[in-house]
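Using the sequences plus the hints, can you model the full thing?
So the chains spell out like this:
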Amino acid sequence: MEAAQAPEARGDELLVVNDVKKYFPITRGIIFQKQIGSVQAVDGVSFSVKKGETLGIVGESGCGKSTLARCIVKLLDTTGGGISFDGRDITKLSRTAMRPIRREMTMIFQDPYASLNPRKRVGFIIGEPLEVHNLGSSSEIKMRVQELLEVVGLNPEHYNRFPHEFSGGQRQRIGVARALAVNPKLIVCDEPVSALDVSVQAQILNLLKDLQDDFGLTYIFIAHDLNVVRHISDRVLVMYLGKVVEIASRDLLYAEPKHPYTGALLSAVPIANPALGRKREPIVLEGDVPSPVNPPSACHFHPRCPRFVQGHCDVEEPPLYPFGNGHVAACHYPLERWPMSADEIRRASSPVQSPSSQSREELPA
Amino acid sequence: MHRRLWLSAAMLVVGASLLVAASFASAGTANHALKQGGIWKYGTEGASVQVDPQLAYITTAWWLEYATAAKLYNYPDKAGPVGTKLVPEVASKFTVSRNGKVYTFTLRKGFKFSDGAAVSAKNFKYAIDRVANKDLASPGAQFITDPSGTNIVGAKKVNDGQAQHVSGVVVKGNKLIIHLTKADGTFMAKITMPFFQATSTKLPLDKEVVTVNGSNLPSAGPYFYSRNDVNQLTSIRKNTHYSKGPGRTRPHNLAGLDVFWNQTEQTLFNQTQANQIDEDNTLPPDQVQGVANQYGKNKTRFWAKSQNCTGYLPLNMSNSLFKGNTNLRKAINYAVNRGPYVGQAGPFAGDVWTHIFNPAVPGWRNVTIYKRNLTTAKKLAKGHLKSGKITVYYRSSGTINPAQAQIVRQDLINLGFQAGNITMKGFSGGNIYTAMGVKGNDADMGVSMGWCSDYPDPYDWINILLYGPSIQADNNVNYSYMNIPKWNKKMASAAKLVGPRRLKVYSQMDIDIMKQVAPMAVTRTYNTRYLFSNRVNPKSLVFQGIYSDFSIGAMALK
Amino acid sequence: MFRYLIRRILWAVLLFIVITFVTFVIFFMGPNDPARAQCGGDQAQPACLKLVTEHYGLDKPIYVQYWRFFKRLVFQQNLGHSYATGQSINQAIGKAAPVTASLVFGGAILWMIMGLLIGVYSALKPRSLLDRTAMVFVLIGISAHPVWIGLIFEYLFGVKLKWTPIANYANFFGAPKDSGLPGGPWQWFYHMILPWCTFAILFAALYARMIRANVMETLNEDFVRTARAKGAPERRVLFSHVLRNALLPVVTMLGMDIGVALGGAIFTETVYQLPGLGRSLIIGVQSNDFATVQGVVVFATIAILLFNLIVDVLYAWIDPRIRLT
Amino acid sequence: MARREQEIVVSTGAGGLGAAVAAETGGALGEVEAIRARGYWELIWRRFRRDKVAIGSGAFIILLILIAFAGAPIAKHYVGHGPNDLFLTAPAVNLAGLPANPWTHVTNEATGKKNVLVLGAANRLGQDEFLRLIYGARISLEVAGLSTLGVMIIGVLLGATAGYFRGWVDTIISRLTEVTMAFPLLIFVISLAATVGPQLDKITLGIFPKGVLTLVVIFSLFGWFYPARIMRAQVLSIREKEYVEAARMIGASNTRIIRSHVLPHLVAPIIVYSTLTVASYVLLEAGLSFLGVGIKFEPSWGNLLSSGPDFYTTRPLLMVWPGLAVLLTTLAFNLLGDGLRDAFDPRASNM
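Chains as they are written, first to last, in the numbering used here: chain A, 956 to 1320; chain B, 10 to 567; chain C, 8 to 332; chain D, 23 to 373.
I should point out that these hints are in silico values taken from the structure, not numbers from a laboratory.
Predicted model, so just to flag it, every value in this text is computed and none were measured.
Just so it is clear, CB atoms sit at the ideal spot from N, CA and C, and this is done for glycine as well.
Careful, some of the hints might be misleading.
Said to hold, decoys possible - Across the chosen pairs, the derived CB separations fall in these ranges:
hint	chain 1	residue 1	chain 2	residue 2	range
1	C	Ala182	B	Gly89	54 to 60 angstroms
2	C	Arg75	D	Thr193	40 to 46 angstroms
3	A	His1119	D	Arg72	16 to 22 angstroms
4	B	Gly429	C	Trp193	58 to 64 angstroms
5	A	Asp967	D	Asp367	47 to 53 angstroms
6	C	Val267	A	Pro1073	44 to 50 angstroms
7	D	Arg72	A	Asn1138	44 to 50 angstroms
8	B	Lys308	D	Asn123	26 to 32 angstroms
9	C	Ser135	D	Arg72	18 to 24 angstroms
10	C	Trp193	B	Gly125	32 to 38 angstroms
11	D	Thr193	B	Gln481	38 to 44 angstroms
12	D	Leu117	B	Ala501	42 to 48 angstroms
Claimed, not checked - Each computed BS3-like pair below joins lysine-lysine, with the alpha-carbon atoms no more than 25 angstroms apart:
hint	chain 1	residue 1	chain 2	residue 2
13	B	Lys166	B	Lys110
14	B	Lys448	D	Lys224
15	B	Lys380	B	Lys391
16	B	Lys434	B	Lys398
17	B	Lys398	D	Lys318
18	B	Lys87	B	Lys308
19	D	Lys263	A	Lys976
20	D	Lys263	B	Lys387
21	D	Lys263	A	Lys1075
22	A	Lys1005	A	Lys1047
23	B	Lys131	B	Lys184
24	C	Lys132	D	Lys74
25	B	Lys398	D	Lys232
26	D	Lys74	B	Lys434
27	B	Lys143	C	Lys67
28	B	Lys216	C	Lys102
29	B	Lys387	D	Lys135
30	D	Lys135	B	Lys380
31	B	Lys448	B	Lys495
32	B	Lys332	B	Lys495
33	B	Lys398	D	Lys224
34	B	Lys165	B	Lys181
35	C	Lys78	B	Lys216
36	B	Lys434	D	Lys318
37	B	Lys308	B	Lys567
38	B	Lys388	D	Lys135
39	D	Lys263	B	Lys434
40	D	Lys224	B	Lys395
Here it is in structure tokens:
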């Protein structure tokens, strides 16, 4: 793999991700495993996050969002590329060296049921980061935990309860409290609300927003729900099959998507305004997301793309073309207007299958 | 040469002839009242035995060989003393050269193998060639290559693998001529062992015949092996070519006999009771009294026949505990609880015994030397326990042997040994004899051991078991490692005596040694207990003394 | 499929080498002196010991000995000769294996029938009297010692009631002529009936419990409810929907358990004196017959490995997903 | 990326979201309650308590342990002789070589006092069947208990290590497991007990009867693969749980994760599996002793069972007692195991 380039951090950038790759090997063997291929979950992603901002990351299931999140907080080691946090390159840090950084960068998990150890009391769960980092005596930790419970809107008396005695939303608040416990600078939120009821989703989102204001937090917010992302993000990054296809500020992205994939995603979002909704024709993407084991050549999206041009899109990989105001999109033939033209919609309904998209192999369980 | 209780009769023949070789009994008359035909089913707890005539060696094997073999001379199928006298069989007569080194046998015509081939002198020569063969490793080889005993010219060379045929055995027409390196009075007894029966040349010279199926093991006696499945079934069937004629006078009433190996006591007993099996001689001890009460002893279906064996606990006089410690050896003799020890095998298993000569040994006396007395025993043992530690070898197979070991252990505790200082070492099968036979072994005493007569002479008991100078590095049978010059001298001089005086001296020595030296604690005599089915005709049960079992040829069903 | 087959075979070969080597080492380290055993135990003559030691290379390092053993085994398919009886071990096993096979496969058929009947009926009528009785049988079946069950059966049906033979085996293809042995299919069946029952009880209990659980679980599946909703007759629902799905894992289990059962046959063979592999093993152990013990272990290993291989391949053939993992 | 994405909650759009935001108050959630919540173990105990059969089995096992370890010496003291003491004369063993029937009074040779054989004599040595039965319980429990302990220690260590660290550690341990599994277990254990057993029998550590540790070593050596497989699978699934990721995310060490987040979840399967394993080892010990390759001399149920057939038409009770003891003990452990499994995981089916 390529040597990781230590990314340059500029003044207000808290996190710089430069060409990060994460491949999962596929192995086979009777006694000793040999690698026969790899799943390219994250394939050369670059972006940066400024202090105090919220970066939303969207994409379909399996596009590598969660893997990216885990690479950022170093739950997974990257295969290539560099990540710099607060001016330090953390790509090559050992477990021990990573420890102090873990105080400044935490994560909120998707499933509030699975992310809390059912065998432990809430006090232990929220206090554990403090304990791990030796932040105070046990009585101090208890005080801090109760304070945190209050901060996230729970009753401090629930200190001794078990997770199963709480509802989903309450549990996610516990998860938030755990992430907050060490006073981090960056919180990576991995679909924190996708497992919750819509009404509860809002509560959590509001909580996160409030906490951002109160504590000056920076968020990376991962979701597949464009509405949720729109609600909370300052900027949005769209991923497809392990690659960045578009980055733009929230308003720009929702108003003028450049990448056909973004367009497709947006057109699928239900719109509350019936008048607007009726006017718009949704783009139906044909086929499933191709396998990341053997992704389509060049632009990964070309087999499903309404603006596919044979001999170009499946041959030359598009770089991130700038469209001004920090808006970039990886497309040779970006959308010229939004909503799309009737012609484009027609072509989207009969996409050309490129040969490279044929091979499909099941992932190992 | 090894004679062990579990190999009991193997060498019985040797000595028998020593004393009786001169007198030949006349041929017996067959009992025509007995029913002919039928298959006799015999079940045993034991593992199967070798059937190759040159390899068969243990009691059960020889019992079967006796029914299948045709020998130069043989013992008749008779009970009592008549059964121990040699009669001519395939040979009509023999002559010995003046120097006693050349035996010439004249062979009869008319003997045929079960496959129809005629028996000739060649077949006896082939038997000797096989016995001597190096690769076949016959236990019979030791009897014809013994430099101090019977030594056939050229046998050693074959046994060393330097030749194929024993040069000292010559076939001339119907004559078989055997050359010995020196004169030997036991030769006739030895040539009568089943090893030297007429052997078909169908048998490979240097490979054992193990599995028999039909006709690959022909023999010239009244019966032949028709089948041998190791550890399952061995069958003998009537040799249809054994027709009445000169020398061919042995009875053969049954059509055949099947031996079922590896059965368990209890099922065997049940099957015999149910008349599915005709003969069972491994009765479950708890059933013996019942069948004895039901059928009476030695009348119809239940029989108990004594074997020429004595059971004893050797006390190792070469190890520190018993070395020069006559008091403790006597104390053990007083302490051993012989009644229950014998009783472990159930009723009719034998009697409590306290000196070496059992009632089958010539010159035996009916005396009790040690009567159990714990007080006397403790008094004798006091101050003589040495370090207080004792190592006991015992036999770990079956249920009876370990139980006897427990009784002896209890006796040792009663005597003053601490339970923790008694080391019990178990040996399966006959391995205890090997272990105890190694000079310098760590055993102080052995349990469940015994000795069976090789020939009816006291020499086989006193001199073989207790004579010091014969102790060697291993393969000893003097398990007591008794080596006292005074007694060695006495034994040597007794061996030279003949006639009634010989028996008198040995008889006294037996008692004196047990009283004064006590190199062992004699415990018991042995009986074999039989249960027969209701198909068996009790009148046909002829206990052949040489082979210590009922003659198969004489057996008949009702 | 082909690649999968090759992989399984290679793995089986490797397992075979490892197991035979461990067997070899353990018996080599054991207190048995093969030379002494070969020379007739306690009658061993020093000359014979020397001969045998040289002949079998018992003084060579263990790996050399193992290689000799392995060569003989693989290239000549020869397990050697018993030290106690001199019989060829191939022959001994050739005689014993059909007995054990009769016991194991007959037992397997019996336990499947019992397990199916009890399991399916209990599942269809849970908490009924029949179900409760069946569950008591299951508990006793998995808790009682097979030896004990065997002894009691033998005593009751053989000795007291005289319904069955007490012990022994009858050859299916008929006893050898004039051997005085029982033979033929009927005698075979008659002699095997008690051993089969004894042998099958433990597994019948386990299978009844497993089948009951599987059937009950399947009965709750959506596709069963759908089938019922469609108005399919109950019999059809049971046979073509419930049993087909509930029994697939049972069949896999059966394949695995037959290997395990091969060992369990020792107890039944001992109680009923069936001249099978287990009995050969016990006799070998009792008479320090190292060669026979090793022969049985090696043969059992081969049998189990082969059996597992067949099950694996069959299963992969039925269910292609298996091959990928 | 083996993890399956959670099912997506249907979004009702921005409007719904906005309305929900408006409704959100951030106020008190749930009732205010100062009491300490019920712990995991308390919940299990409450579920377990309802299972009368399991409770009964548990009580039986406790009773059995008490009888075996405390009751046996008391009984020995009370009857005046030990389990290995011999009563060689009538009436303990009658003239026909049959052991005494229950409740026979015999004279103790050592003390000269009259003793009573409650269940009669066990064999032709006149040993006390009752004492041998309860001392046999001790051996059975020791062999089964220690073997289970050994098997679980090896199995859990290897299985958990393989599951937690994966990679080459997992590869090696998994292959080792498969090799061990491929051994014809019972055949091998018998051969092993018969060949190396006599040498191992010498090891007693001063507290165990001879032969107990032999069986424990042999059983442990060849029995660990099953718990190892179970534990590996358990740990593999636990380590994929998000709460373990969460712990790693906050920088917890491996030791801490294993101690706080992995091991507590293994307790339930370990307890349930151990209970069932004990039952199978009680059976196995009896089987080996029956075949003559297990415990020798010392009273064990297998030994008693093997001497049963010697008298089984004349003293059938001698076969019944040990068989019954094995049956009840195994049954109790099986029922307790089932009960515990239900208590730990009420959803688990009967398998």
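Okay, the hints, checked on the actual structure:
Look at Ala182 (chain C) against Gly89 (chain B): about 39 angstroms separates their beta carbons, and that is not inside 54 to 60 angstroms. Roughly 32 angstroms separates the CB atoms of Arg75 (chain C) and Thr193 (chain D), a value that falls outside the hinted 40 to 46 angstroms. Between His1119 (chain A) and Arg72 (chain D) the Cβ separation comes to about 19 angstroms, which falls inside the hinted range of 16 to 22 angstroms. Restraint check, Gly429 (chain B) to Trp193 (chain C): a C-beta distance of roughly 59 angstroms satisfies the suggested window 58 to 64 angstroms.
A hinted range of 47 to 53 angstroms holds for the C-beta pair Asp967 (chain A) and Asp367 (chain D), which are about 52 angstroms apart. In this structure the supplied range 44 to 50 angstroms is violated for Val267 (chain C) paired with Pro1073 (chain A), their Cβ-Cβ distance being about 36 angstroms. For Arg72 (chain D) and Asn1138 (chain A), the hinted distance range of 44 to 50 angstroms is satisfied, since their beta carbons lie about 47 angstroms from each other. Taken as a hint, the range 26 to 32 angstroms holds for the pair Lys308 (chain B) and Asn123 (chain D), whose Cβ atoms sit roughly 30 angstroms apart.
Here the CB-CB span from Ser135 (chain C) to Arg72 (chain D) is close to 22 angstroms, well matched to the stated 18 to 24 angstroms. Taking the beta carbon of each, Trp193 (chain C) and Gly125 (chain B) are about 36 angstroms apart, inside 32 to 38 angstroms as hinted. In this structure the supplied range 38 to 44 angstroms is violated for Thr193 (chain D) paired with Gln481 (chain B), their Cβ-Cβ distance being about 58 angstroms. At about 45 angstroms, the CB distance of Leu117 (chain D) to Ala501 (chain B) agrees with the hint of 42 to 48 angstroms.
At roughly 18 angstroms between alpha-carbon atoms, Lys166 (chain B) and Lys110 (chain B) fall within 25 angstroms of each other, so this suggested pair holds. Proposed proximity of Lys448 (chain B) and Lys224 (chain D) is supported: the alpha carbons are some 24 angstroms apart, at most 25 angstroms. Under the criterion of a C-alpha separation no larger than 25 angstroms, the hint pairing Lys380 (chain B) with Lys391 (chain B) is consistent with the structure, at around 19 angstroms. Restraint check for Lys434 (chain B) and Lys398 (chain B): the C-alpha separation of about 14 angstroms stays at or below 25 angstroms, so the hint holds.
The hinted pair formed by Lys398 (chain B) and Lys318 (chain D) meets the criterion: a straight-line CA distance of about 21 angstroms does not exceed 25 angstroms. Proximity of Lys87 (chain B) to Lys308 (chain B) is assessed by CA-CA distance (about 18 angstroms); at most 25 angstroms being required, the pair is judged to hold. Pair hint Lys263 (chain D) plus Lys976 (chain A) holds up; C-alpha atoms about 24 angstroms apart against a cutoff of 25 angstroms. At roughly 74 angstroms between alpha-carbon atoms, Lys263 (chain D) and Lys387 (chain B) are farther apart than 25 angstroms, so this suggested pair is violated.
Of the supplied pair hints, the one linking Lys263 (chain D) and Lys1075 (chain A) holds, its CA atoms being roughly 14 angstroms apart against a limit of 25 angstroms. With a C-alpha separation of about 22 angstroms, the suggested pairing of Lys1005 (chain A) with Lys1047 (chain A) holds against the 25 angstroms cut-off. The straight-line distance between the Cα atoms of Lys131 (chain B) and Lys184 (chain B) is roughly 9 angstroms, inside the 25 angstroms bound, and the hint therefore holds. Between Lys132 (chain C) and Lys74 (chain D), the direct Cα distance comes to roughly 23 angstroms. Compliance with the 25 angstroms bound is thereby established for this hinted pair.
The straight-line distance between the Cα atoms of Lys398 (chain B) and Lys232 (chain D) is roughly 18 angstroms, inside the 25 angstroms bound, and the hint therefore holds. A distance of roughly 49 angstroms separates the Cα atoms of Lys74 (chain D) and Lys434 (chain B); the hinted pair therefore is violated under the 25 angstroms criterion. For a cut-off of 25 angstroms, the pair hint linking Lys143 (chain B) to Lys67 (chain C) stands: about 23 angstroms separates their Cα positions. Annotation: proposed proximity of Lys216 (chain B) to Lys102 (chain C) holds, straight-line Cα distance about 21 angstroms (limit 25 angstroms).
Between the alpha carbons of Lys387 (chain B) and Lys135 (chain D) the distance comes to roughly 20 angstroms, so the proposed pair stays at or under 25 angstroms and holds. Pair hint Lys135 (chain D) plus Lys380 (chain B) holds up; C-alpha atoms about 23 angstroms apart against a cutoff of 25 angstroms. For the suggested pair Lys448 (chain B) and Lys495 (chain B), the alpha carbons sit about 21 angstroms apart, so the restraint of at most 25 angstroms is met. A distance of roughly 16 angstroms separates the Cα atoms of Lys332 (chain B) and Lys495 (chain B); the hinted pair therefore holds under the 25 angstroms criterion.
As the CA atoms of Lys398 (chain B) and Lys224 (chain D) are separated by approximately 16 angstroms, the hinted pair is consistent with the 25 angstroms bound. Our distance criterion of 25 angstroms between C-alpha atoms is met by Lys165 (chain B) and Lys181 (chain B), whose separation comes to about 22 angstroms. As the CA atoms of Lys78 (chain C) and Lys216 (chain B) are separated by approximately 23 angstroms, the hinted pair is consistent with the 25 angstroms bound. Distance restraint check for Lys434 (chain B) and Lys318 (chain D): the Cα-Cα separation of roughly 11 angstroms lies within the 25 angstroms cut-off, and the hinted pair is therefore satisfied.
Distance restraint check for Lys308 (chain B) and Lys567 (chain B): the Cα-Cα separation of roughly 15 angstroms lies within the 25 angstroms cut-off, and the hinted pair is therefore satisfied. For a cut-off of 25 angstroms, the pair hint linking Lys388 (chain B) to Lys135 (chain D) stands: about 23 angstroms separates their Cα positions. With a CA separation close to 56 angstroms, the supplied pair Lys263 (chain D) and Lys434 (chain B) exceeds the 25 angstroms bound. Of the supplied pair hints, the one linking Lys224 (chain D) and Lys395 (chain B) holds, its CA atoms being roughly 24 angstroms apart against a limit of 25 angstroms.
Of the numbered hints stated above, those contradicted by the structure are hints 1, 2, 6, 11, 20, 26 and 39, listed in ascending order.
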